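Asks: Chains as they are written, first to last, in numbering that gives the first Met the number 0: chain P, 0 to 299; chain S, 0 to 309; chain H, 0 to 539.
Calculated from the structure, these hints are not laboratory results. The structure displayed is predicted, hence computed values, not measured ones. Keep in mind that the hints are not guaranteed to be accurate.
Said to hold, decoys possible - Straight-line alpha carbon distances no greater than 16 Å define the calculated EDC-like cross-link-like pairs of lysine to aspartate or glutamate that follow:
no. : chain 1 : residue 1 : chain 2 : residue 2
1   : H       : K412      : S       : D292
2   : H       : K412      : S       : E214
3   : H       : K496      : H       : E480
4   : P       : K25       : S       : E128
5   : S       : K6        : S       : D292
6   : H       : K455      : S       : E45
7   : H       : K362      : H       : D400
8   : H       : K150      : S       : D57
Listed here are the chains, written in short residue letters.
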Amino acid sequence: MSDLAVSPTRTAVPPKVLRRSAAARKARYSTIKMWVGALCTGVVVVPVALARVLPLPDPVHGVLRETSLPPLSPGHLLGTDPNGRDLLSRILHGGQTSLLIGLLAILLSGLIGIVAGAAAGYFGGWVDTVISRLLEAQMSLPLLLMLLLVVALFGPSILVITLVIAIAQWPEPARLTRALVLVEREKPYVAAARVLGLGRLRIIARHIIPNILSQTLVVVLLLLAQAVLLESALSFLGAGVQRPYPTWGGIISDGRELFVTGAWWLVTIPGVAIALLVLGVNLLGDGLRDRVRRAKAVTS
Amino acid sequence: MPRYLLKRLLQTVLTAWFTVTVVFVLLRMAPGDPAVNYAPPNPSSEQLAAVRHEFGLDQPVLGQYLTYLQHLLRGDIGESFQFRQSALQVVLDRLPYTITLAVAAIAVTALLAIPLGVWMARRGNTAGELGANIATIAGQSMPDFWIGFVLLIVFAVNLQWFPPSGFTSMSSIVLPCLTIVILQVALVSRLVRREMVTNLNAPYVTIARSRGVSERRLTWRYAFANSSIPVVTALGTRFAAMLNGVVIVEVVFKWPGVGELVVDALERRDFPLIQATVLVTVVLALLVQLLVDMLYPLMDPRVRLQEARR
Amino acid sequence: MSDKVGMSGATGAGPGRGISRRALLQFAGLVGAGTVVGSALSACAGPQGAGGATGSGGGGKLSIVLNRNLVSLDNKLNQYDAAVTVQRAVRQALTRIGQNLKPELVLAQSFELTAPTTWTVKLRDDIHYSDKSPVTVEDVETALKYYFQVKASFVAAQFPEQPVFAKIDDRTFTLTTSKPLVTLDSLMSNILITPAKANKPEELREGIGTGPFKVASADSGTGTYRLVRNENYWGEKALLDEVNISYQEEEGGRVIAITSGQADVIDTITPESAAALKKNNDIELIQEPGTRLIHLFYNFRKPAGHPLTNPKVREALSYAVDHDSLISSLMNGVVSSAEGVVPKTLAGFVRTGQYAFDPAKAKQMLAAEGVSKLDLTFIWEESEFAGAARVMEALVSMLGDVGVTVKLKEIPKGGEINAWRRGEAGDWDVLGNGYGNQTGLAITNLQGQYGGTAEKEKTRDSYHGFVFPEISGLIDQAGSEPDAAKRDALLKQAQEKIWALSPAMWAWTPDNVLAKRKRVTSLELSPANSYDLSKVRVSG
Chain P
0 MSDLAVSPTR TAVPPKVLRR SAAARKARYS TIKMWVGALC TGVVVVPVAL ARVLPLPDPV
60 HGVLRETSLP PLSPGHLLGT DPNGRDLLSR ILHGGQTSLL IGLLAILLSG LIGIVAGAAA
120 GYFGGWVDTV ISRLLEAQMS LPLLLMLLLV VALFGPSILV ITLVIAIAQW PEPARLTRAL
180 VLVEREKPYV AAARVLGLGR LRIIARHIIP NILSQTLVVV LLLLAQAVLL ESALSFLGAG
240 VQRPYPTWGG IISDGRELFV TGAWWLVTIP GVAIALLVLG VNLLGDGLRD RVRRAKAVTS
Chain S
0 MPRYLLKRLL QTVLTAWFTV TVVFVLLRMA PGDPAVNYAP PNPSSEQLAA VRHEFGLDQP
60 VLGQYLTYLQ HLLRGDIGES FQFRQSALQV VLDRLPYTIT LAVAAIAVTA LLAIPLGVWM
120 ARRGNTAGEL GANIATIAGQ SMPDFWIGFV LLIVFAVNLQ WFPPSGFTSM SSIVLPCLTI
180 VILQVALVSR LVRREMVTNL NAPYVTIARS RGVSERRLTW RYAFANSSIP VVTALGTRFA
240 AMLNGVVIVE VVFKWPGVGE LVVDALERRD FPLIQATVLV TVVLALLVQL LVDMLYPLMD
300 PRVRLQEARR
Chain H
0 MSDKVGMSGA TGAGPGRGIS RRALLQFAGL VGAGTVVGSA LSACAGPQGA GGATGSGGGG
60 KLSIVLNRNL VSLDNKLNQY DAAVTVQRAV RQALTRIGQN LKPELVLAQS FELTAPTTWT
120 VKLRDDIHYS DKSPVTVEDV ETALKYYFQV KASFVAAQFP EQPVFAKIDD RTFTLTTSKP
180 LVTLDSLMSN ILITPAKANK PEELREGIGT GPFKVASADS GTGTYRLVRN ENYWGEKALL
240 DEVNISYQEE EGGRVIAITS GQADVIDTIT PESAAALKKN NDIELIQEPG TRLIHLFYNF
300 RKPAGHPLTN PKVREALSYA VDHDSLISSL MNGVVSSAEG VVPKTLAGFV RTGQYAFDPA
360 KAKQMLAAEG VSKLDLTFIW EESEFAGAAR VMEALVSMLG DVGVTVKLKE IPKGGEINAW
420 RRGEAGDWDV LGNGYGNQTG LAITNLQGQY GGTAEKEKTR DSYHGFVFPE ISGLIDQAGS
480 EPDAAKRDAL LKQAQEKIWA LSPAMWAWTP DNVLAKRKRV TSLELSPANS YDLSKVRVSG
């Protein structure tokens with residue numbers, strides 16, 4: 000337990016009691032959460048990352064004779080779909096697309112969110128008004144409907160779906176960054192930098208953002224979970240990536256009419272993969288958040 | 000107060016106008032042709048032109064928009080392409096279903112999430128709390144349509160406890176409601192816990208405790224009373240969002256609400272119906288938000304509405 | 000009408016000027032309670048819906064779940080197979096398409112071709128509406144007029160021209176066309192008769208008809224209808240007391256509805272569901288050869304010199320399609336591979352050949368024509384036919400095996416497909432398209448798909464550029480040939496010529512599959528995918 004936040008040195012309290020203290024338990028629990036989270040994430044992400052290396056059947060070309068095999072069939076661990084394509088292979092290859100979309104989307108939404116939030120928080124005035132209004136307006140829009148419309152408008156490609164998810168997600172990091180920057184800009188070091196004659200952009204980029212980045216990044220990481228869920232929801236409503244390349248949402252969406260007819264594995268297993276990954280990322284993010292907060296509390 | 004209300008109502012109208020305009024433009028830009036959906040199969044260009052003319056789609060988009068606004072000011076939202084009757088009427092026929100589902104879901108959520116959140120706050124840093132914590136995270140980690148499918152198969156098909164789809168009796172509401180509640184309880188209980196932890200650790204609670212106030216009273220009359228604004232805000236926001244259509248759940252369970260209606264209308268490019276649905280639900284959601292904001296002074300006399308919050 | 004609900008809500012929420020907190024709280028509580036109670040009440044008062052499955056005694060109740068919203072009980076604007084079943088239960092036409100896809104008389108006592116361009120119709124003398132008012136020839140005249148008055152009428156589009164109506168006496172009238180219209184008795188089966196005074200040039204939601212059922216309640220918004228037996232029916236009275244109709248577009252939802260007993264009958268089910276339902280002991284499947292043709296049609300607008308303009312190449316590609324595997328693996332055996340250019344159920348169909356699977360021959364023929372590295376784009380509208388995406392994805396592999404690269408483009412619903420089909424949205428090579436038939440006649444399909452002319456192609460109204468004057472000439476000739484034998488000979492010639500051009504990579508006809516719970520003891524499905532509700536019987 001080297002990562003205990005409370006230093007056990009120089010105290011009259013015996014270590015045994017100390018370990019049972021609320022703070023120590025809290026630290027331990029956040030560690031448990033992170034480990035469980037990392038485990039869940041790893042179980043999904045590692046095979047997905049290795050999809051091209053693993054000895055798997057082709058995810059796109061199937062053997063029609065091997066149609067709709069249930070899981071644990073010889074040669075097909077998770078069974079096949081009606082086209083005779085190996086479900087494991089499809090989930091792993093599909094995971095690459097889904098994760099790529101998710102990662103690109105949070106990269107983009109994180110970037111937009113942090114820049115817009117920092118600008119709103121630091122400059123205030125009309126910049127803040129415009130950005131805040133935009134945030135509010137987006138809140139009141141029927142989001143899913145808008146996303147469907149935009150996907151219909153530009154066609155369902157990886158790029159469009161990534162952009163759509165990023166647009167849906169930028170408010171959260173933006174709001175958080177804005178709130179944090181509002182606090183940060185009143186701190187002495189910012190005033191000092193200003194007195195030293197540093198440009199405003201430089202102050203934001205070099206001094207303020209590094210100070211708030213850890214907290215913001217945790218939120219952005221948590222958005223990855225949302226992005227994966229959103230991609231699957233869009234696919235479910237028919238706005239998925241072009242065939243025949245699989246994505247998680249697409250596999251579920253294709254399987255849903257077969258779900259009721261007995262081919263349960265086509266929906267259940269990719270659903271478990273999504274849930275496992277999202278749970279992992281959420282736990283990881285939650286544990287990290289606890290830790291970042293504690294670190295802040297200790298330093299300030 | 001009246002000035003504040005007036006300002007908020009004006010904002011509501013502006014937001015509604017903005018939303019409807021965005022939807023109007025997106026719909027006209029999106030590929031696809033409403034006429035094809037309402038002409039005979041394998042239509043000729045003449046037939047398509049006739050349908051377009053009938054729906055006024057042969058006009059320039061700006062003209063269509065101005066006509067639409069003009070009619071809107073007169074209270075005429077337009078006629079649904081698909082149902083050939085007032086789009087407003089179609090939406091209002093469906094709205095009670097969505098409201099019923101949203102009310103039921105939010106009520107069950109509040110009943111479960113508040114005690115759970117309070118419990119988690121009181122039991123902070125115990126193994127039980129860790130378990131509840133992970134369980135709530137798991138609750139918000141599953142795709143909602145997937146939860147819906149699983150519930151559908153288990154409880155409607157295999158056990159046959161509840162009707163699978165549509166609205167046939169009040170028991171139809173159980174599964175869609177449950178699907179929503181699983182996610183919402185996870186989100187709201189975590190919020191309750193966060194607020195309660197903050198308040199339970201606040202100096203005023205420590206002082207009250209030292210004066211011998213009972214733990215029960217401390218929890219509910221002190222800490223929870225002070226956590227109620229963010230909690231009510233969260234519940235209100237979620238309720239408002241549900242009015243915009245619990246789209247996915249409605250689609251999975253074929254619940255005849257506005258969410259299901261709008262997805263269907265989108266596939267058929269029923270422009271007036273989509274616009275009407277968006278308008279009605281956005282205005283309704285904004286009004287719910289307004290109502291929630293107006294409750295603040297009741298819950299906490301320190302809040303006065305004249306000042307802008309934030 | 001009722002307008003501005005949002006607005007009136009807004010003013011309702013803002014009555015306050017200096018109101019006390021208590022008053023506001025009370026008001027908010029009231030609004031809240033009102034919303035809950037109001038919505039719960041209206042929800043309860045909503046469609047009582049498809050609860051018929053548990054009904055028993057007497058004639059019993061039947062609960063049907065359609066695959067599309069039955070927007071009205073009229074067919075002026077739209078019509079799909081299952082709707083016919085319900086619409087005909089309330090409103091009838093002069094004729095109907097019978098079990099063998101030949102026209103049968105209903106309200107007409109006789110319907111005869113009395114001159115090359117004139118049909119003489121006599122109404123039955125015993126027919127009347129559900130309120131006992133008589134059916135007049137004026138009702139027929141008005142109905143016919145209104146079907147042609149509504150814009151883009153589904154039904155009117157099937158008539159080459161509007162027949163001219165002339166009254167002879169109280170029960171007799173003639174229908175005259177400028178060119179001979181030998182299929183008028185079939186076509187008139189889609190013109191539903193309503194009292195002239197109650198008819199309008201739009202779809203009728205309510206009102207009365209001559210059918211064996213009458214409407215007890217109708218909600219077009221949620222697509223739920225309740226029909227009850229017409230005790231005044233002029234013919235043999237219906238066996239059922241009551242029919243409840245609702246809809247569910249999601250196939251899975253309908254399967255759940257019938258397995259859970261919520262529905263008694265679901266129709267037009269997909270092969271996957273059929274396979275699953277076969278295993279259920281409470282459910283029986285009825286399977287009939289259908290009339291809908293689905294084909295992988297080549298783009299005939301390719302520039303000269305493109306490999307697809309060569310009939311040999313088109314034929315070669317068809318050898319790459321392993322249709323037996325497709326049928327058994329992806330369609331569960333409930334479709335049949337086409338043996339001609341129209342479904343074999345249609346009157347006037349001629350067997351012209353069969354699709355064969357022979358990848359070696361495909362490769363060899365492609366090589367012989369000097370075609371290599373062929374790159375094709377397949378398009379189809381989402382859910383155009385059952386399992387469309389799966390079939391298309393399987394074709395990628397099959398064509399890959401003969402060295403052809405296939406790119407798939409699934410066009411989302413919403414009507415975008417039309418621009419693609421007209422060649423305005425982008426280039427493509429093969430289209431997966433379904434073609435329905437409401438008349439039971441091969442000539443309807445032939446005219447629609449292969450009757451393209453240069454003039455039609457100017458407005459892109461030919462069937463994907465299929466313009467062969469020789470063929471359209473034959474079809475035209477057949478359309479105005481009063482002699483049945485000569486007509487059939489002309490149609491045979493046309494179909495053989497079309498087949499020789501290999502217009503489709505593969506074509507098939509799905510069976511009409513209907514699933515019913517065992518308590519439905521008699522139900523007769525026609526090839527037109529509809530059934531006579533008045534003859535349906537249920538037990539228990």
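Asks: Hint by hint, say whether it matches the structure.
Replies: A quick look at each hint next to the structure:
Proposed proximity of H:K412 and S:D292 is contradicted: the alpha carbons are some 41 Å apart, above 16 Å. Note on H:K412 and S:E214: the hinted pairing is violated, with a Cα-Cα distance of about 59 Å set against a maximum of 16 Å. At roughly 19 Å between alpha-carbon atoms, H:K496 and H:E480 are farther apart than 16 Å, so this suggested pair is violated. Proposed proximity of P:K25 and S:E128 is supported: the alpha carbons are some 11 Å apart, at most 16 Å.
Restraint check for S:K6 and S:D292: satisfied, since their Cα atoms lie roughly 13 Å apart, inside the 16 Å limit. Between H:K455 and S:E45 the CA atoms are separated by roughly 11 Å; this keeps the pair inside 16 Å, and the hint holds. For the hint pairing H:K362 with H:D400, the CA-to-CA distance comes to about 9 Å; that is within 16 Å, so the pair holds. Of the pairs offered as hints, the one joining H:K150 and S:D57 holds, with about 14 Å between alpha carbons and a cut-off of 16 Å not exceeded.
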